[in-house]
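Turn these sequences into a full structure, and let the hints steer you where they fit.
Residue numbers (this note's numbering), protein chains in the order written: chain A, -7 to 418; chain B, 1397 to 1482.
Simulated from the structure, these hints should not be mistaken for lab results. Note that the coordinates shown come from a computational prediction; the quantities given were computed from them, not determined experimentally. All residues carry an ideal CB built from backbone N, CA and C; glycine is no exception. Be aware that a few hints might be false.
If we take Cβ atoms under 7 Å as the criterion, some of the chain A residues that face chain B in the derived model are [to be verified]: (1) 30; (2) 79; (3) 85; (4) 88; (5) 92; (6) 381; (7) 382; (8) 383.
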Amino acid sequence: MDSQTKFIYNQINLPFNPKPPTLMHIDLNSCFATIEQQANPLLRGRPIAVVAYDSPRGCILAPSIEAKKMGVKTGMQVREGKLLCPSLQTLEPDPWKYRNIHIQLRDLISQYTTCFSPKSIDEFILDLEGFPSFKLGMHQIGLEIKQKIKAQIGEWLTVSIGIGPNRFLAKLAANLKKPDGLEEINQKNYQQIYQKLSLIDLNGIKTASAIRLNNAGIYSINDFYNSTIDQLQSAFESILGYYWYLRLRGWEIDDVDFGRKSFGNMYSLPKIISTPEGISPILHKLVEKCSFRMRRAGYSARGVHVALLYKDHSFWHHGSVNHEPLFSASDIYKYAYRIMVSSPYRKPVANISVSLFDLTKSNFSQLDLFNEISKKIKLTSAIDKINEKWGNFVITPAMMIGTQNNVVDRVAFGNIKELEQFICTE
Amino acid sequence: MHLKVDVPVSVIFVYEPNGAKVFPLKVRWDGRVYTITKVGLHHHFRVGRVLHHVFSVVSDETFFRLNLNTDNLSWRLEEVSDGLPD
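See below:
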C-alpha cells in the first residue's frame, strides 16, 4: 500500500451503518434431511442423515435436527455417525426433491421483492429496500414468510431468518438461532451481539484467519471492530482488511455476482482402481457430463484440469490450456486422458475430478467456414439433442459401457448456477 | 426398513378443483389396497422430455414413493418404507 492510500485509510472513521436494515437472509434448516422428513412423515422427529453413499465410509451430507442433537455433523463418515447415534437412518440424496423445494421457495420470495439472489440450494438473500412489502416491516415479513413456507410448501420445513443492514450481517443474524430463528442485527444491538460471539463465528473467518488476527493483537469481535483499516490491512496483508472493516460496520461489500468460470464434475470411486485404463471409463463419463452442461450453457473451453486424490490421501493435479477452444466430449476426453496419464503415480485412486476452464461464449456459426469443425459441431449438437429428448446418456461412447451407476446426479451445496439455467429452460 | 422397488401399481387419483389439488387416494400393491392418509411431498422432474410427477405418500404406517410417467400415464412404485432403520 502506498503512503498516500495509507494516509487516506487512516482518515476513515466510519460509524456503524445507520440505515434501517433492509437485507434478509433465509436459510432452510438442515435442508436435505428436513426435505426428506417432509416427504416421508414417518421419518419426522427421528435422527436421519442424507449421505453421499450409503456405506460405512460414505460422507454425511446433511444430518437432521434430531441427529445434530446427538452430535452427528456434516462431513462425518456414516460409521462415525452411527457410533454416536445407533438409530441413525441414512438416505441417499434425491436432488430433484431439493431443486423443487428451492424453486417453490424462490416463487414465494418473489412475492416480496424482485431483488433477491439464491446463495446456495438452501439460502436466499433478499433486499427489500424500496419495495412496497417493506412497509410491513422486516420482522413481519420474516414471520409471514415462515408461515407461508409451512402452509404452501411443507409444514415440516423451518427456516432461520436473519435481518441486517448488509448481506454479511443478515447471514450472521440467521446463524444466531437455529433452527427456526428470526433475528436482527442493527445499529442498536450490534455491540451486544458481537460480545457474545467469537472470531470463528463470523462467516469467512476460520482458524487460519483467526490466528492471523490473534497475531495482530485481535482476539475478539469487538477488538476486530475497533481496529483501524491500517491494522486490518496489516493483519490480512491484503485488501481483505478494508472489506472486513466495512462488513462489521454494516456497509455493503459482498454484493458481487461471480460469473461462470468453469464447469466441473467429481466422482469418488467405489472400488480401488490404479491403472489409467481402469479409470478411463469414469473419466469419459465425467467429461461427457461436464461438457454437456458446458455446451448447454453455450460455452466452449480452452482449459482442461484433471485432479486425482489417491487412497493414501496424496493428491496430484494438472491443468492445461489448448490453443483452440474445445467443445466436443471426444476432444475434451482425449485432452483430459493425456493429462491424466502424465501423472507420475500409479497408485490406487479414491477420487477423480475434471473441470473445464478458460471459457468463451460459443459462436459456432463463425466457424462454419471450416468444414471439419462444422461437421463436428453438427454431430455434437445432434447427440446433445437426442440426449436432451430421451434423457442423458441415451447415446454414449462405447468407452462408457459399465458406468451406468457411476457419477450419478448430485446437487451442489454452494453452486446453484446450474439450477438457474434449469429454471430458465423450464 | 427401506425398500427400493420398481413395480407397476394401480392408483386411484383425485383432482380437487378447489385449490386445484391433485393427489393419489388409494394404491394397490402386493394384493392389498392402501388408503393414502397423507401426501408428504409432490415434486416433478424430467427424463429427457418426459415429465414425471412423484408423490411421496403415507398410508398409516407405510410410506410409498409413487411415480407418474406423464408420457404413458403409468404409475410405478419406487420406494416402500416403514420409517424405521434397516
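Check each numbered hint against the structure and report the violated ones by number, ascending. Of the numbered hints given earlier, the structure breaks just one, which is hint 3.
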